[in-house]
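Participant: Below, each chain spelled out in residue letters.
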Amino acid sequence: MITPGEPLASRPVPEGGSRVTIRIAGDSGDGIQLAGGRFAGATALAGNDLATLPDFPAEIRAPAGTLPGVSGYQIQFASTEVLTPGDRADVLVAFNPAALRVNLPDLRPGGVVIVNSTAFEDETGLRKAGYETNPLEDGSLDGYRVHPVAIGRLTREALADSGLGARQVERCKNFFALGLLSWMFARPLEPTLRWIERRFRDRPDLAEANRRALTAGYHFGDTARLFETPLEIPPAEVAAGVWRALDGNEAIALALATLAERSGLDVLLASYPITPASTVLHRTSRLEAFGVTTFQAEDEIGAVGAALGASFAGGLGVTTTSGPGLALKGEFLGLAVMTELPLVVIDIQRGGPSTGLPTRTEQADLLMALFGRHGEAPLPVLAPRSPGDCFWTVLEAARIALRSMTPVVVLSEGYLANGSEPFRVPGEDELPEIRPRRLSDPQRFEGTYVRDPETLARPWIAPGTPGLEHRIGGLEKDELGRVSYDPDNHERMVAARAAKIARIADDLPPAALEEGEPGDDLLVIGWGGTWGAITEAVRAERAAGRRVASLHLRHLNPLPRGLAELAGRFPRVLVAERNCGQLALLLRGRLGLDVESFTRVRGIPFVVAELRERIAAIVGGGVS
Amino acid sequence: MITPGEPLASRPVPEGGSRVTIRIAGDSGDGIQLAGGRFAGATALAGNDLATLPDFPAEIRAPAGTLPGVSGYQIQFASTEVLTPGDRADVLVAFNPAALRVNLPDLRPGGVVIVNSTAFEDETGLRKAGYETNPLEDGSLDGYRVHPVAIGRLTREALADSGLGARQVERCKNFFALGLLSWMFARPLEPTLRWIERRFRDRPDLAEANRRALTAGYHFGDTARLFETPLEIPPAEVAAGVWRALDGNEAIALALATLAERSGLDVLLASYPITPASTVLHRTSRLEAFGVTTFQAEDEIGAVGAALGASFAGGLGVTTTSGPGLALKGEFLGLAVMTELPLVVIDIQRGGPSTGLPTRTEQADLLMALFGRHGEAPLPVLAPRSPGDCFWTVLEAARIALRSMTPVVVLSEGYLANGSEPFRVPGEDELPEIRPRRLSDPQRFEGTYVRDPETLARPWIAPGTPGLEHRIGGLEKDELGRVSYDPDNHERMVAARAAKIARIADDLPPAALEEGEPGDDLLVIGWGGTWGAITEAVRAERAAGRRVASLHLRHLNPLPRGLAELAGRFPRVLVAERNCGQLALLLRGRLGLDVESFTRVRGIPFVVAELRERIAAIVGGGVS
Amino acid sequence: MGRGPTRKEFATDQDVRWCPGCGDYAILASVQTAFAKLGVPREKFVVVSGIGCSSRFPYYMNTYGFHTLHGRAPGVATGIKLTRPDLSVWVVTGDGDALAIGAGHLLHALRRNVGIRILLFNNRIYGLTKGQASPTSETGKTTPSTPGGVADRPFRPVALALAAGATFVARSVDRFGAHLQEMIERAARHEGAALIEILQNCNIFNDGAFAEVTGRAGREENVLYLEHGRPLRFGPDGSRGLALDGAGGLVEVDPGQAPGRVLVHDERAPDSAVPDLLARLDAPVPLGVFRDVSAPALEQVLRERREAARRARDGGLAELLAGPNAWTVP
Amino acid sequence: MGRGPTRKEFATDQDVRWCPGCGDYAILASVQTAFAKLGVPREKFVVVSGIGCSSRFPYYMNTYGFHTLHGRAPGVATGIKLTRPDLSVWVVTGDGDALAIGAGHLLHALRRNVGIRILLFNNRIYGLTKGQASPTSETGKTTPSTPGGVADRPFRPVALALAAGATFVARSVDRFGAHLQEMIERAARHEGAALIEILQNCNIFNDGAFAEVTGRAGREENVLYLEHGRPLRFGPDGSRGLALDGAGGLVEVDPGQAPGRVLVHDERAPDSAVPDLLARLDAPVPLGVFRDVSAPALEQVLRERREAARRARDGGLAELLAGPNAWTVP
Ligand SMILES: Cc1ncc(C[n+]2csc(CCOP(=O)(O)OP(=O)(O)O)c2C)c(N)n1
Ligand SMILES: Cc1ncc(C[n+]2csc(CCOP(=O)(O)OP(=O)(O)O)c2C)c(N)n1
Ligand code: SF4
Ligand code: SF4
Ligand SMILES: [Mg+2]
Ligand SMILES: [Mg+2]
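Chains as they are written, first to last, in my numbering: chain F, -2 to 621; chain B, -2 to 621; chain D, -10 to 319; chain G, -10 to 319.
One should not assume that every hint holds.
Said to hold, decoys possible - Derived SDA-like pairs: lysine to any residue, alpha-carbon spacing no greater than 25 Å straight-line:
hint, chain 1, residue 1, chain 2, residue 2
1, D, Lys119, B, Leu64
2, D, Lys26, D, Asp281
3, G, Lys119, F, Phe53
4, G, Lys(-3), G, Gly166
5, D, Lys33, F, Thr462
6, D, Lys119, G, Leu291
7, G, Lys33, G, Gln170
8, G, Lys130, D, Ala297
9, G, Lys119, F, Thr462
10, G, Lys33, G, Asp2
11, G, Lys26, G, Gly166
12, D, Lys33, F, Val447
13, F, Lys125, F, Thr63
14, G, Lys33, B, Gly461
15, D, Lys33, D, Gln3
16, G, Lys119, G, Arg164
17, D, Lys119, B, Ala204
Unchecked claim - Quick list of simulated restraints, FRET-style, between CB atoms:
hint, chain 1, residue 1, chain 2, residue 2, range
18, F, Ala499, B, Glu234, 42 to 52 Å
19, B, Pro106, F, Asp485, 19 to 29 Å
20, G, Pro259, B, Arg500, 54 to 64 Å
21, B, Pro106, F, Asp503, 15 to 25 Å
22, G, Asp75, B, Arg500, 34 to 44 Å
23, B, Arg500, G, Gly129, 50 to 60 Å
Claimed, not checked - Over the 12 Å line for every Cβ pair with chain D, so calculated as not near, a few chain B residues:
hint, residue
24, Glu78
25, Gly160
26, Val166
27, Pro232
28, Ala237
29, Ala561
30, Ala614
Everything labelled a hint here was simulated from the structure, so no lab data went into it. All C-beta atoms, glycine included, are put in the ideal place defined by N, C-alpha and C.
Chain F extracted, bound-state conformation (with noise of 0.2 Å):
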């Protein structure tokens, strides 16, 4: 067994080293996500590229000590791009048993543990974790680095004249924790230190608990020598700018706060709570100053329907959710696609289907968001690729409701909302011109469905405006407004309204290759958040020699030009989703495009090797 202090001769991370991979686990009351943020921040701050996966395990808070009350954060970081959160961790920091327990599946062969032995000592933490002896002791963890340090007793020395309880004492282990890991890799303590003065300002009993903690976690690294210096991993060679760590929910509020002040028009986002869209609402309820109102209504229909109406009022409904939601504003996007006004619907998509697993990841709600309505009833899907790409997505799904009047649905993933990476600031000269056009001058009014040649969208008319009265809703009505019964009418109408969706396509870059060139061997279409880890497995089957492509999809409706010309030229193309082939399906049934799957519905993004290997697999031969 390894005792604490004992000096090892080689730094925690084997490979490369200048790219690791940590997983802080604990319980659920532990503190887990707010040390993982923070290590996070303050390792963007030292400007190297990251992508981060928390994941809290239940819905409800499970009593402590237990396997499903278990909480963790990992994240990746290097000096050059990172595009997934890793597949197995190099370093696991547990906090107790039912943690190591959990997670040591996800650790590496030989990687390192830094274990809470406070946590060990005591035989119902143990029992509750399921282990019948010390796992510290039996030798179940021969094959591992493992550091048994005293994170709970070292704290509660820290502490002890800090005249704090007991239980306000045993929640700083986290800092302590994060103190440690910053010694490890070399982060400054600084920003976490002014992020706990903000924090606390009303507390400075807990701010100063907070501050001792981690100064004595990070001396305590820097004493004990768990390593013989701390590994330094220098920054990532970006692009010159201000950067900033952003989360995928964040940048969504970020975004309609863009939108209301570029706009100059009154964004209302009308939600209803739930995970893992939640935090949306909360972020975005701050930004008032900026223009943007929150409501949060009695229910998802009544959300989306506030959200309508701030439209027809002549603002910029938002609405966001998780997939159950969706479901629930199915009959309002019908509404929305009928009287042609703007809409932005986001759904941060949750595993599935029902309830099923509210705090996972899946990319399962593809096709309910294309047909999820009765009737023809087309609308364009948008799906961002990364966390700070929910920025840029957004805004893009803001333009699309306003030039084509039109509502729209953005597909988010659980994996995005809550994990972050860092994220270059655009200035005010890179983010989008948005012009709502709205109709003011009767005498330009033809008709309330005389549309735009060019977008073929109808004219926008906010209430107030004198001579320009009219009545919309969700009757079928010819181009003057008037409701119509009429066949050919109805006809007329359905088709103008799929023909202005497929339209939008003009206005698109026509599809790209993201890595590889036509003529390769294998062509790996995704979309959404798994953008990452294909990247990334095509990047390195690319380096072992395998003629590989990818192509990435954010619009899902209306599809880019040029896609099944270009998938044409590959001898096979591969569909690599998070659901059982519902892209795929699209891909067939639109293009006729002959497509093979792959697909996991695990409620966790891919795992890179799964990916390589199944790209293997289909390329064959291979170098490297």
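Please arrange chains B, D and G with the ligands on chain F, whose structure you already have, making use of the hints.
Facilitator: Okay, now just chains B, D and G with the ligands, sitting in the frame of chain F:
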């Protein structure tokens, strides 16, 4: 101008003579649907085959005499098989100017028009219909054989001493017209007289008045000799047995009673009214004696919830609705998929999207039925082909639901719901066995999701069974029914649910042609209520020497086995449907079939001629 | 406020498609008349409806209009009002629309006190779908969907609204033009949510549902007009009165005998004790304003917060996007 | 009724996943105890829930259970009860589940008087989704979704239930085991729908929301126990009492001074006048049965009709299928 009573040399039906299409049209207040329905009933009793198309124009009763207020009823009947209500009418009965104006375009050139001339005496009526001059006098009806009959005045005269008020007398016009039609086509009056007696049991004065109007109309025909002799259409040669006239919604109600009676299960029909589904609720609510309980819920969500509760309780839950309602039930269907309970959901499709054309027919809910839920939530989807087939399809849906423990969606259409046809009443021995397999022996219980090896269904256990208390819900579960967030378990369960649905195909007849044979030049594939029109068109084209075959899908999910192979034996495949190509997308997406689409979205059924034209254009050549 | 549009200007050229004789015609006329009296420009009105006969209303009003989904008008109206507090936003709904599928939305709109005015056409039946029972249909009523008679007990819309905390609740009758117009004007002037239950005759599927109120005798005998500061008297020459019964309920008294006991109507009472009692009264039928109290309207609260936040804002979009922890790569 | 199962037998082997200290634990214990006292076999119980912390309840009850969808338990429970009137059907729901997304369903279930018993855990917050405001959150409360404070006014669940015509409405508190058990037993014995609002502490997101009732002093000072036939007295030694104020409301009186004026609680009063007043009372907080009146339960009405129809049936399936107008082709 032709004056009433002038005898015509020819019969009203020029071609063939054994096949007639009649349309009766008037104001919504004129009792058109009733007269049409009674005529159809008498025609069925006379042994003709027939198909009907009621057409209530708008959802709100428009002011009397206006164009939007016109109500119509079309019937085609013949001595040979009748598959559609007919493209164009041979005879039009118009109760007022508006009815004439709206319906004239659907009369074949040279067709017979019987107009209620009383309604043309009055300026306002003409003006409301947009006639500047009287069409009976201005020559605009040249080219038709027009018979003005003073239906209004003659009815008034017939009821002069009835003691009824003017308004009530006015409302007997439809029976006068019915009498006239009965004479013209040699329909016996007895069934109608019996019906009047039953219907007006509590109002002998009204019974008497309607009886008198009916016989007055009949005698008028005989006396006035509009035609030389009544046209007798001999009975069609149909299978021996007991026959009746049946519309699609009545057929569903009868199926539910049959289900309850044959299975011994308590059937709960929980619905919320919506056009055109409401009459299923109305009719079923009179069938309590057969073990069906009806429940009008506060909305569609409450309705499907109650239905699912009934199934959990060990009964069979059924819910009926139309598109907007199905959109609202999506979340609950996901729960039904997850909890693997039997449930029958019947969507009587109408014109969409949104409120759309609520009284019209369409087939545009297919993709919503298949995909309108978040997550991977596959379920079986079926569609009846004719009004009477609604009976069989609902029984088949229940069989699948009970056998495979799954919700099943049945897609009927407004056209089938309101249209009627002769239906051979099945004997007891022709009705399927419906044996719900409920588990009540704790010894035989292995786990809530331990599946039957044949059907992959989980056991169905009704509350009240001692020793088998268990809990189900929307969260992902393991085989033993415990909540599980395990990634592998989730993937296994997703796959198991999908496999269960796919396996239903084992139990279905393989894909088979309706008309024609493999190797023909073209295969036309259809589904649902277009069966009659497609079959008629294909038969006609075959008769004209074109090598065209047809195949009609009752099972949309899973698709019948052998479909791809069979379709592959045709050089061209045309999918004909009343939407923008939903089945076509499915066949391409699921089977990789290379199909073309023929679609119309006009809120009305296919016109046989337009189908024939398209077929001829593809197959080309053609003889005859 | 300048000269407003005339009553006629509120009419559209669409054919009105209600059944001849339907009570909705009279309501339409009253709304147009009342709107004209408000002196608000036509373009400032928005009429939002759900689905039902009543919900065809917007098509006949030459204002902005939105015919939405069954039961969902309150949410849409809320979104409009939050976006444009300057607009006069009206919801037209039926008893099925508002109280069956839409019950939750209606009560939440009232709870929020969002400044929308809701006209609930209560004909105690589903008109548009041809006569099924609605949540206000009487127990025992036979309809196509309840051939054995309605088995539920009806909702009382006014009681529910009061229980939801509504700040303005009134009742009127389709045919009582002057009274209805007055109610509409009062609702228009109220801050926050206002609900008017309008008893409406569906002469096709539920003819005479309110005959006891609208018939000549009925008007005299069965109607109790609620007037602020006036005693609760009804019947010929106000010969009957209502008083508290001492057990928390109401009792009929003879005002001649005990004039002091007759309750004086106080629509502004901070609690809703008496309105609650009146809301449950079947005979006589109270018409008028049950309650009219003031409370901040949601749209105002949110606007003020937004303006305060705007004033307090200490950075522009650039600062927001960068956040407190940005770093610069040169 | 034979010997029923014991309290312990109602526990499942699932780990209970509420936060340590959550009020839901105490409620679970009380429900298990009360169920054991009912003498009903375990397999006859069905516990149906929506989604929320509270709605995890069925997993911990060794009975039949159905964890359904957010807000939708009443419909499912209704379907169960209509199909199997012999079962004891319980709904467990939260304030968000029952009163936000599920408000319409809840009120309709009460209106229908379908024989389901509803336990509404009111912690005045959304627990499961981490602390957003619920429809019972106080105006001004700051939560993650309302950083500027809740702008709406809270619903009062008891008042809404009474307005919907509920035949049994009670209130209790998570920690008041004996009282809560009594309420549960009373609800179990009621015919038709029964609602119990249970004040429940969420110690994570809304700790102490009911401290004024559950604290030692609070219990004495602020709780008004409603007991049928007993005067409405509260405070130390019942030193305070409630009486009618003569204007339709309630007023506090000193029972020593005016014993005759103190209202005597009548849960069976046919009207709900006094219960309505009590439902709106914030201090003292009434606990106990507000109302318990009898009315036919929906499932019984429908069953009787079905049996009557069965008896009156004049033909079998063959006759039904053929209908009155069939003809025979030889
Ligand atoms: C989602 C949905 N469900 C059902 C319907 C059918 N529907 C339209 S109006 C209506 C009820 C109308 O009753 P009410 O609200 O009382 O209005 P009224 O016609 O009596 O004025 C129903 C059930 C619909 N249009 N949409
Ligand atoms: C359709 C749908 N919308 C939203 C959610 C998310 N959600 C789950 S529980 C809940 C509210 C829980 O609050 P409450 O009912 O008060 O229960 P508590 O957790 O406080 O016991 C919400 C919004 C969901 N599961 N489904
Ligand atoms: S059905 Fe009734 S409510 Fe509807 S328009 Fe006709 S009379 Fe009016
Ligand atoms: S969040 Fe609140 S209500 Fe939910 S389990 Fe924890 S303490 Fe209980
Ligand atoms: Mg109504
Ligand atoms: Mg709660």
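Participant: Now look at each hint and say whether the structure bears it out.
Facilitator: Hints, one by one, checked against the model:
1. D:Lys119 to B:Leu64: Given pair Lys119 of chain D, Leu64 of chain B holds - Cα atoms ~21 Å apart, limit 25 Å.
2. D:Lys26 to D:Asp281: holds (21 Å)
3. G:Lys119 to F:Phe53: Satisfied, since the Cα-Cα distance of roughly 13 Å is no more than 25 Å.
4. G:Lys(-3) to G:Gly166: holds (16 Å)
5. D:Lys33 to F:Thr462: holds (8 Å)
6. D:Lys119 to G:Leu291: Measuring from Cα to Cα gives roughly 23 Å; hence the hint holds.
7. G:Lys33 to G:Gln170: Holds, because 19 Å separates the two Cα atoms, which is no more than 25 Å.
8. G:Lys130 to D:Ala297: With Cα atoms ~18 Å apart, Lys130 of chain G and Ala297 of chain D stay inside 25 Å; holds.
9. G:Lys119 to F:Thr462: violated (42 Å)
10. G:Lys33 to G:Asp2: holds (19 Å)
11. G:Lys26 to G:Gly166: Roughly 14 Å separates the two Cα atoms, so the pair holds.
12. D:Lys33 to F:Val447: Cα-Cα ~24 Å, so holds.
13. F:Lys125 to F:Thr63: Holds, at roughly 5 Å.
14. G:Lys33 to B:Gly461: holds (5 Å)
15. D:Lys33 to D:Gln3: The given pair, whose Cα atoms are some 20 Å apart, holds under the 25 Å limit.
16. G:Lys119 to G:Arg164: holds (23 Å)
17. D:Lys119 to B:Ala204: holds (24 Å)
18. F:Ala499 to B:Glu234: 42 to 52 Å: For Ala499 of chain F and Glu234 of chain B the Cβ distance comes to about 50 Å; the hint holds.
19. B:Pro106 to F:Asp485: 19 to 29 Å: holds (20 Å)
20. G:Pro259 to B:Arg500: 54 to 64 Å: Since the Cβ atoms of Pro259 of chain G and Arg500 of chain B sit about 58 Å apart, the hinted range of 54 to 64 Å holds.
21. B:Pro106 to F:Asp503: 15 to 25 Å: violated (45 Å)
22. G:Asp75 to B:Arg500: 34 to 44 Å: Because 35 Å falls inside the window, the suggested range holds.
23. B:Arg500 to G:Gly129: 50 to 60 Å: Holds, since Arg500 of chain B and Gly129 of chain G (Cβ atoms, about 57 Å apart) stay within the stated range.
24. Glu78: holds (33 Å)
25. Gly160: holds (22 Å)
26. Val166: holds (18 Å)
27. Pro232: holds (34 Å)
28. Ala237: Non-interface label stands for Ala237 of chain B: nearest chain D Cβ at 35 Å, farther than 12 Å.
29. Ala561: holds (40 Å)
30. Ala614: holds (41 Å)
Violated hints for the displayed structure, listed by number in ascending order: 9 and 21.
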